[in-house]
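*Asks:* Below, each chain spelled out in residue letters.
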Amino acid sequence: MYKTIFSLAIKNAFLRRIRASLLILMIASSMSVMLVIEGLYDGMTASMIDKALRSDSGEVTIFAKDYRLKQYIKYSIKDADKIKKELKELNDVKSVLTRFKINGLAGSAKASYPSDLIAVDFKDEEEFGEFSEFIKEGSLKLGKNGCIIGKELAKNLKLRLNSKVIFTSRDVNNNIVSKLFRIKAIIQSTNINLDSKTLLVPKEAIYKHIGLDNSSATQIAVRTDNEKLIDTIKEKYPSLDVMSFWQYNPLLNQMQDSMIIFNSITFAIVMGVVFIGILGVMYVSILDRIREFGIMLAVGYSYKYIRYQVMLEAVVLGLIGFIIGTVLSLVFLYYLHIYGLDMSEFSDGFASFGMSSILYTEIKTAYFTSIFLAIIFASILSVFLPLRKIKKLTPTDVIRNSL
Amino acid sequence: MFYLAIKNILFYKGRSITTFILTYFSATLFIVYVAFMDGSHVSMLHNSLKVYTGSIQIYQKDYRDEGGYDYLIYDNQKIFDILNNTNGIKSYTSRIETFGIASSKTDSSAMMLTGVDFTRESGISELKNALVSGEYESSGNCLYMGSDLTKRLNVHVGDEISFVGNAIDYSFAADIFKVCGTFKTGMYEFDSSSAFLNREYFDSVFYSQNTSSYIVLNVNDLNENDKIAEAIKPKLDSQYRLYTWQELMSAMVEAMEVDSIFGYISMGLFFVVIFFVILIYGFINASSRIKEFGVLKSIGLSNSEVDKLLIYEMLILSLSAIFFATVSGGYLAYYYELNPIVIEGMSELYKDYGIISDSIPTRFSVFTITWNIGLILFLNLLSVIYPIYYIRRFNPIEAMRHV
Amino acid sequence: MRYLILISIFLSSLFANEADEIIKKLDKNMRGESVYMKISMNIKSLRHERTIKMKTWAKGKDKSFVKITYPPRDKGITFLSLDNEMWNYIPKIERIIKIPPSMMLQNWMGSDISNDDMVKQSSIIDDYDASILKKDANIVTIELKAKEDAPVVWGKIISKIDTKYYVSLEDTFYDEYGEKIRVFKYEDIKKYGKYYLPTIWKIQPLNKKNNLTTMIIEDVEYDSGFSDIYFTKSALKRFSR
Chain Y
1 MYKTIFSLAI
11 KNAFLRRIRA
21 SLLILMIASS
31 MSVMLVIEGL
41 YDGMTASMID
51 KALRSDSGEV
61 TIFAKDYRLK
71 QYIKYSIKDA
81 DKIKKELKEL
91 NDVKSVLTRF
101 KINGLAGSAK
111 ASYPSDLIAV
121 DFKDEEEFGE
131 FSEFIKEGSL
141 KLGKNGCIIG
151 KELAKNLKLR
161 LNSKVIFTSR
171 DVNNNIVSKL
181 FRIKAIIQST
191 NINLDSKTLL
201 VPKEAIYKHI
211 GLDNSSATQI
221 AVRTDNEKLI
231 DTIKEKYPSL
241 DVMSFWQYNP
251 LLNQMQDSMI
261 IFNSITFAIV
271 MGVVFIGILG
281 VMYVSILDRI
291 REFGIMLAVG
301 YSYKYIRYQV
311 MLEAVVLGLI
321 GFIIGTVLSL
331 VFLYYLHIYG
341 LDMSEFSDGF
351 ASFGMSSILY
361 TEIKTAYFTS
371 IFLAIIFASI
381 LSVFLPLRKI
391 KKLTPTDVIR
401 NSL
Chain S
1 MFYLAIKNIL
11 FYKGRSITTF
21 ILTYFSATLF
31 IVYVAFMDGS
41 HVSMLHNSLK
51 VYTGSIQIYQ
61 KDYRDEGGYD
71 YLIYDNQKIF
81 DILNNTNGIK
91 SYTSRIETFG
101 IASSKTDSSA
111 MMLTGVDFTR
121 ESGISELKNA
131 LVSGEYESSG
141 NCLYMGSDLT
151 KRLNVHVGDE
161 ISFVGNAIDY
171 SFAADIFKVC
181 GTFKTGMYEF
191 DSSSAFLNRE
201 YFDSVFYSQN
211 TSSYIVLNVN
221 DLNENDKIAE
231 AIKPKLDSQY
241 RLYTWQELMS
251 AMVEAMEVDS
261 IFGYISMGLF
271 FVVIFFVILI
281 YGFINASSRI
291 KEFGVLKSIG
301 LSNSEVDKLL
311 IYEMLILSLS
321 AIFFATVSGG
331 YLAYYYELNP
341 IVIEGMSELY
351 KDYGIISDSI
361 PTRFSVFTIT
371 WNIGLILFLN
381 LLSVIYPIYY
391 IRRFNPIEAM
401 RHV
Chain X
1 MRYLILISIF
11 LSSLFANEAD
21 EIIKKLDKNM
31 RGESVYMKIS
41 MNIKSLRHER
51 TIKMKTWAKG
61 KDKSFVKITY
71 PPRDKGITFL
81 SLDNEMWNYI
91 PKIERIIKIP
101 PSMMLQNWMG
111 SDISNDDMVK
121 QSSIIDDYDA
131 SILKKDANIV
141 TIELKAKEDA
151 PVVWGKIISK
161 IDTKYYVSLE
171 DTFYDEYGEK
181 IRVFKYEDIK
191 KYGKYYLPTI
201 WKIQPLNKKN
211 NLTTMIIEDV
221 EYDSGFSDIY
231 FTKSALKRFS
241 R
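Residue numbers (my numbering), protein chains in the order written: chain Y, 1 to 403; chain S, 1 to 403; chain X, 1 to 241.
There's no promise every hint is true.
[Said to hold, decoys possible] With a Cα cut of at most 27 Å, we get these calculated DSS-like pairs of lysine-lysine:
#1 X/K98 with Y/K110
#2 Y/K74 with X/K233
#3 X/K208 with Y/K158
#4 Y/K141 with X/K147
#5 Y/K123 with Y/K88
#6 X/K208 with Y/K151
#7 Y/K94 with Y/K123
#8 Y/K65 with S/K184
#9 S/K151 with Y/K197
#10 Y/K184 with Y/K141
#11 X/K98 with Y/K70
#12 X/K208 with Y/K110
#13 X/K156 with X/K63
#14 X/K98 with Y/K74
#15 X/K233 with S/K105
Hints were generated in silico from the structure; no laboratory data involved. Predicted model only: the values in this text are computed from it and were never measured.
Let the sequences and hints guide you as you build the complete structure.
*Replies:* What follows is the structure, encoded as structure tokens:
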């Protein structure tokens, strides 16, 4: 019997071809436009979060108490190497690294700017956040005295690849020390601090110069997929300042929240209007055939049978719209995922948010599952109102009325 | 013809109501959405101009590029006189900035010290409202200091700090200041490096009488800003340069443009969906009336008269819906401009991140509303085209036979 | 041919040694064992012109003490440089301040000399490789090329030296790419005991055409055997008066 219902539903769905295709077109186009917008928004936030995660904090970031406020060398984590080893042994920890940041002054013959010298282990950085992807010019082959400089800082100091830059700071004994570095790579990460005031050097290049203990660090950062891990770490190191990614980047948190709210509102409005569209088409299509249904009831088909048939009809229309919409969306989303949307005309505006001006879309299965559910729901819901009309009528009413 | 249209509208209630409601809904949504979008931009702008920037700043030509005492304004009074004789200026004040080292007993830090007229300053900036502890307006050697800077220096209200820098003739300037008040704007860089000193005392330490780094002013009506800027420009000596907020905050202006573009794209999505629904309803309506049109044609109505009938119907529906939408949307836009929505606790929640205002105002603009409703009307009329085309395909006899 | 090459290698190494010699002699001539000077410094910029007078005591490469004597409002400000560090005492606030790294490249007292120049004046011999570019009678042009690892911002300094007195006439500072950044000129050479010293020094930064700092050495005493007490932190306050 269900086979009959099914084939009847399909047949009926396309009885009024233009009406059906308009409906399908509506679902498909609104779905694809909505998903492109959602994809772009998600892509934007995802890329900011991704860059902040990779270039700086990881999912969990650890400082010595007071370091974030005072930023002095003396507020460093003394046994960072040991902690790093211990963290690595925890479950779910993907990667751990330590960094040492020193405030000072970067100078060239033409200018000087207050800057941070960050001592890192580039092998760890690569494992931690594919660091080499941030390199815009030059390479990681640093050689003797090599350093990596933020793009903005290089511009301000009027320096280029292979230029020398002098970094002056205090050492552990509070004496002023200077050291020459050669710029071997220029990075751009859209992380404003990294781009505008940072020199990166290998740890071994400066630990001796500054008089640091090899095992100390100002920051320890952890990559993990386990959101609960931070509690374990907090418990384990109560004397340290352990922060989650969101605590460390409150603005990104706020931004992501507002994106989610915005996308949900858009989704609700669009699906509401889509519902009205399906409702209209189904309503008319049922009224058109009210006589047919009356006859069916008269010859003994149950009301249930009719309800299934009409519901299925609506669902078939909705699904075809969904399938075409999915194909269209995937084409647009993949195109923008690979080639991106170039908005470089507004690059300053994007930069003020710490964003790059080429936007790439994010593609999530949730996009399609949520729309799938919403469309099925809207389709089924859309037949209830017109069906109530049929239920009220007796078969004789129907036949008499429509004659 | 007109009465026939009205009759038809009343007769086909389902279609009329749906079209009316959807048009009303989309037009109202559009007007309110755009009003909120523009409103939030204006308030964002106002907030950030209000915090510190003002809407116009006047500099000695090379100050912003070169910096330093050689490019100060050396005759404040002359510019003040010009400003006094220009209409539309709400308030103005001069600021003089210098950099140096601030030291407490335990810590020292670079500090930007700005000499201001506290009374006039409160007519320009939000500094007064950013007060955290102590007092804003103070005399003698009292400092109004960023709260993050007080933490850095480890001082509290009542403590003394020393400051060493250069007077504006480049001679040595040093003095002991007392912290009398602290502020927090939420801009970390600003809060962690700035302090303000009353102008008189500043002048006595730094020899800066009648001198300033720049003069900042606010206008009564931001929309008049460009006009006022143009009025001031020719009166200024050639060594001065005037910057409007658009130049001072170009990144922010661009960021808002980007945001608007995304807003319009999202609105575009709603229109696509709503357009389709109106089209579907119009089409269903037209197709159910083919017989009727056949009759009309057979009694002598020309094709174009039938077209006119359909267009009339749509015009009457759209215009009445738009009329109500304009009234309600316009009212909402107007009402919330005067009485912005206040999200309780938002300013508390986000205080640390620099959002000072927790109100979201709309922007009521007749021009914006006009083009908003014009666009909706255009889309509605566009949706009649297909039904017209569809009906024209039938000749009267075919049409009368159509089921 | 081979002979020629040998000669040229020999000559260039000779020249190199000779350049080092000249620089060392020059340095010795400027500094003596110890030197006390009275300096009047005129600083001109686009808008301002002012004069500062000071007394300086210096011993060897790394120790110097400066006391401002004029104008009255700056009188008593003292500076102490030891190795790379610099301290400053200001009588008005009665505090000693250690100049932080972030201020080291700032101008000293608004002149065209940076704090860094003040503390690093000694490092020429350590940080640069000297070679002779040209000899013209007693005027020798020496190129001082920054050593590969030397923490100095300059690429090279070209120095014109009068070998009759072992006194520099002009030092031009270049960046790494050969662009001229600033010029020091020395005039009016006078004899003090066994030492020769130019008594007018002019410093011109080339990116700021309106700036000129002129130092006039009003009085000099070499090797007068003053006390080491100047080079302690307590001197800052003590000799301020």
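*Asks:* Confirm or reject each hint.
*Replies:* Going through the hints against the structure:
no.: 1; hint: X/K98 with Y/K110; in the structure: holds (25 Å)
no.: 2; hint: Y/K74 with X/K233; in the structure: holds (24 Å)
no.: 3; hint: X/K208 with Y/K158; in the structure: holds (16 Å)
no.: 4; hint: Y/K141 with X/K147; in the structure: holds (22 Å)
no.: 5; hint: Y/K123 with Y/K88; in the structure: holds (15 Å)
no.: 6; hint: X/K208 with Y/K151; in the structure: holds (26 Å)
no.: 7; hint: Y/K94 with Y/K123; in the structure: holds (14 Å)
no.: 8; hint: Y/K65 with S/K184; in the structure: holds (22 Å)
no.: 9; hint: S/K151 with Y/K197; in the structure: holds (22 Å)
no.: 10; hint: Y/K184 with Y/K141; in the structure: holds (7 Å)
no.: 11; hint: X/K98 with Y/K70; in the structure: holds (18 Å)
no.: 12; hint: X/K208 with Y/K110; in the structure: holds (11 Å)
no.: 13; hint: X/K156 with X/K63; in the structure: holds (25 Å)
no.: 14; hint: X/K98 with Y/K74; in the structure: holds (18 Å)
no.: 15; hint: X/K233 with S/K105; in the structure: holds (17 Å)
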